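Trainee: Sequence:
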Amino acid sequence: MAKKSKKKAKLACAGCPACGWNGGNTPANANAGNGGGLFGNLPSWIPGNPAQQQFLVGLALGAGAAWVLGDEDRRAALLKTAMKLYSGLAGGFEELKEQAADIRAEMVAQLHREP
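The numbering of the sequence shown is the working numbering, which starts it at 21 and goes up by one.
Hints should not be assumed to be uniformly reliable.
As the list claims (entries may be wrong) - So the derived label-pair ranges between C-beta atoms look like this:
1. I123 to W87: 45 to 51 angstroms
2. R95 to R124: 41 to 47 angstroms
3. G111 to F75: 39 to 45 angstroms
4. A85 to L105: 47 to 53 angstroms
5. H132 to D93: 37 to 43 angstroms
6. K104 to F75: 30 to 36 angstroms
7. V77 to A120: 27 to 33 angstroms
8. W87 to G112: 28 to 34 angstroms
9. L81 to E114: 33 to 39 angstroms
Worth flagging that the hints you see were computed from the coordinates, not collected in a lab.
The structure displayed is predicted, hence computed values, not measured ones.
A virtual CB, placed ideally from N, CA and C, is assigned to each residue, including glycine.
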């Protein structure tokens, strides 16, 4: 019986130059400006350290959301657009389901025709 090793398997990739990932062998904030999370690739024109940059981006997103949702006409237009998008997607899925049912029915009919 083979003995199982409890050592962690080493990854073949030493790192990714595109995103800065190195197999998790660095502290959590080491890749903050280089592919480290949702706001890891913030532009260099935003001043401060990564935490300040994330705060400023969050502040801008919050201000934008407050501006859009603060006006009743904009909110109604946004809701109308969202409902159109949802109904379009739902209609598309229904069409796909109908096409799948048609194909299934054709396959069953073809199987019963041939002896």
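Trainee: Can the suggested window of 27 to 33 angstroms be confirmed for the beta-carbon pair V77 and A120?
Mentor: violated (42 angstroms)
Trainee: How does the Cβ-Cβ distance of H132 and D93 compare with 37 to 43 angstroms: does it lie in that range?
Mentor: violated (59 angstroms)
Trainee: Should the hint that G111 and F75 are 39 to 45 angstroms apart at their CB atoms be regarded as holding?
Mentor: About 41 angstroms separates the Cβ atoms of G111 and F75, which means 39 to 45 angstroms holds.
Trainee: Hint says 33 to 39 angstroms; check whether the CB-CB distance for L81 and E114 agrees.
Mentor: The hint (33 to 39 angstroms, Cβ to Cβ) holds, given that L81 and E114 are roughly 34 angstroms apart.
Trainee: CB of R95 to CB of R124, is that within 41 to 47 angstroms?
Mentor: Given a distance of about 43 angstroms, which is inside 41 to 47 angstroms, the answer is holds.
Trainee: Does the Cβ pair W87, G112 satisfy 28 to 34 angstroms?
Mentor: Since W87 and G112 have Cβ atoms about 32 angstroms apart, the given range 28 to 34 angstroms holds.
Trainee: With 45 to 51 angstroms as the target window, see if I123 and W87 comply at their CB atoms.
Mentor: At 48 angstroms between Cβs, range holds.
Trainee: Honestly, do K104 and F75 meet the 30 to 36 angstroms range at C-beta?
Mentor: The hint (30 to 36 angstroms, Cβ to Cβ) holds, given that K104 and F75 are roughly 35 angstroms apart.
Trainee: Can you tell me whether the CB distance of A85 to L105 sits inside 47 to 53 angstroms?
Mentor: violated (18 angstroms)
Hint check: violations occur at hints 4, 5, 7; the rest are consistent with the structure.
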